[in-house]
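S.K.: Chains as they are written, first to last, in this note's numbering: chain A, 1 to 179; chain B, 1 to 259.
Any given hint might turn out to be false.
Stated by the list, open to error - If the Cβ cut is set under 8 Å, some of the chain A residues that face chain B in the computed set are:
#1 12
#2 21
#3 23
#4 25
#5 95
#6 114
#7 120
#8 124
Unchecked claim - If you want the ones that stay clear, here's a sample from chain B, every Cβ over 12 Å from chain A, calculated:
#9 15
#10 37
#11 80
#12 83
#13 184
#14 193
Derived from the structure by calculation, the hints contain no laboratory data. Don't be surprised by glycine CBs; every beta carbon is placed ideally from N, CA and C.
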Amino acid sequence: MNLAIVLVVAAVLALATVLSVAVTRSLQVPGSAGLTGSIRPIDVEAFRNLINPAEDAYLRRRLPPAQFRMVRRQRLHAMAAYVQVAASNASVLVRAGQAALASGDPRVAEAAHAMVNDALLLRRNATIAIARIYLALAWPNSSFAAVRVVDRYEQLSGAAMLLGRLQNPAAPVRLAALL
Amino acid sequence: MLQAHSLLWHYLFVAPNVLLLVLAVLMWKRNLHREFPVFLVFAVATAIEQLTIYAADVIPSVGATTWWKLFWGGLLLEALVKFALIGEIFGRVFGLYSSVAKLGKVVISGVGVALVFLAATAAAYTPKNNTHWIVSGAHVLEQTIYMIECGLIVSLFVFAAYFRLRWGRAAFGITLGLGISACVHLATWALAANGGLSSRYRSYLDFPIMATYHVCVLIWFYYLLVPARKPKAPTRKDTPPPEHNLEVWNQELERLLHQ
C-alpha cells in the first residue's frame, strides 16, 4: 500500500506539472510583443573584469587567505548575478527569435533560427556556469573561468543585432543594444 | 453503472478507439501522417489492439487465459509504439536546434535509464496481488510502463519549459494527451497492483482509465485537426523599447564584437 501511495502522489505531481505547462503555454501571448522590455542590461565589461583570472591572482597575492576567501565569495556572488541575468535575457531572446521564425522573409527566419540557437547555447552554458560558481563558492580557492559565457553572450548580441537589422532596417539593433 | 459490461463501460471501451481510428483516417487525408508518422501508427495500433481486447472480452468463447495473453501482447506492442512516439516528439521539439539537441539526448537518455531502474525496483517491491501470475504480472507491467512513460513525458515538458522552447501545436497536443493519460494510468495501475483492492473495487479503476483515455483522444482531435488561431497583426506594442542610451550600448557592443 505504501508503494501505491508513493506512486499515486508521484502521478498527481506529474499531472500537475503537465497541466501547469499547458496552462502557461495557453496564457503566452504569441509574437514578441513586450518581450524586448523584459531584457535587462548587462555591463559586459564589468563582468569581464570580474571573471578575469589575473585579477583573482592579484587579489590572492595581496590579501591574507581569510580575507581573500571573503572577497572571492563576494565576487562569485556578483558573477552569479550577472550570469543569471544573461540566462534570463537568453530566454527572452529564445522567445523573440521563435516568434520571428514564422516570418515570411527567409533572411529574417534564418537570422531568427541562428539567434535562437545561440540563445539556447548561452542558456545551457549559463546553467553550467551557475553550477560551477556555486561549487566554487564552497571552495573559494579553486580557479574558475566563465569566459565561455561572455564569449557566447557577445556572439548572441551579434545574432540579435542581425535579426534586428533584418526585421526593422530603419531602427537597427535595438534588441541587441540592450544586451 | 460503474460496473464491467454496463452501458457506460461499453461506450468508454469502444468510442475512444473508434474516434482514434477516425482521427487516423482524417490525419491521412490531411497529410498529417507525414509530419507525425509514428503517431499515426500509434493511433491505428492502439485502437485495433483495444478493440480486439474488447471483442475478446465480450465474446463468450474466448477464455480468460486467452484474454490475458491478448492483453499482454497488446500492452507490449502499445509500449513499444509509445516509446517510439516519445522519440518522434523529442526530435520535433529539440531536433531543430543543434545547441540543445545533444544535451537533450543526454538528459532524456539519463532520465530513461534512471526511470527503468526505479520502475524495476518498484516492480520488485510490488506484492503479488493474484494467484495467477498472468494477471498480477500484467498489473506490474502496466505500472512499470506508465512509470517510465510518465517520467519521460514530464522530463520533455520540463526541459522544453526550462529552455523556453515553443512547441508546435500538434506536437504539444500529442504530448499533452499522452502525458495526462500516462499520469492517470500510473496512479490507477499503481493502486491496482499495490493497493490490495478487492476485485470489485479494482473493476472501478477501469472507469477513470477509460474516461481519461477518451478525454485524451478528444485532446488529440482538437490539437491535430482544429487550426490554431492566427496571431494578431503586429501592433505598436511589437516595436522596440524606448530609446534610452541605445546608441551608447550599441557602440559598446560593436566595440566588443570587433575586439
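S.K.: So, for every hint listed, does it hold in this structure?
M.R.: Outcome of the hint check:
The beta carbon of residue 12 of chain A comes within 7 Å of a beta carbon in chain B, closer than 8 Å, and the hint placing it at the interface holds. A cut of 8 Å between beta carbons decides the hint on residue 21 of chain A: the least distance to chain B is about 5 Å, and the hint holds. Contact between residue 23 of chain A and chain B, as hinted, is not supported at the beta carbon level, the nearest pair being about 11 Å apart and thus beyond 8 Å. Evaluation of the residue 25 of chain A hint against chain B yields a held restraint, the C-beta minimum of about 7 Å falling below 8 Å.
A cut of 8 Å between beta carbons decides the hint on residue 95 of chain A: the least distance to chain B is about 6 Å, and the hint holds. A cut of 8 Å between beta carbons decides the hint on residue 114 of chain A: the least distance to chain B is about 10 Å, and the hint is violated. Proximity of residue 120 of chain A to chain B holds as hinted, the smallest CB-CB distance being about 4 Å (cut-off 8 Å). Look at residue 124 of chain A: its Cβ gets to within about 6 Å of chain B, closer than 8 Å, so that hint holds up.
No beta-carbon of chain A is positioned within 12 Å of the beta-carbon of residue 15 of chain B; the least distance is around 23 Å. With a cut of 12 Å on Cβ distances, residue 37 of chain B stays outside the contact zone with chain A, its closest approach being about 23 Å. For residue 80 of chain B, the requirement that its beta carbon stay farther than 12 Å from each beta carbon of chain A is met, with the minimum near 22 Å. No beta-carbon of chain A comes within 12 Å of the beta-carbon of residue 83 of chain B; the shortest separation is about 17 Å.
At roughly 7 Å from the closest C-beta of chain A, the C-beta of residue 184 of chain B falls inside 12 Å, breaking its exclusion from the interface. With a cut of 12 Å on Cβ distances, residue 193 of chain B falls inside the contact zone with chain A, its closest approach being about 8 Å.
Hint compliance for this structure: hints 3, 6, 13 and 14 are not met, and every other hint is.
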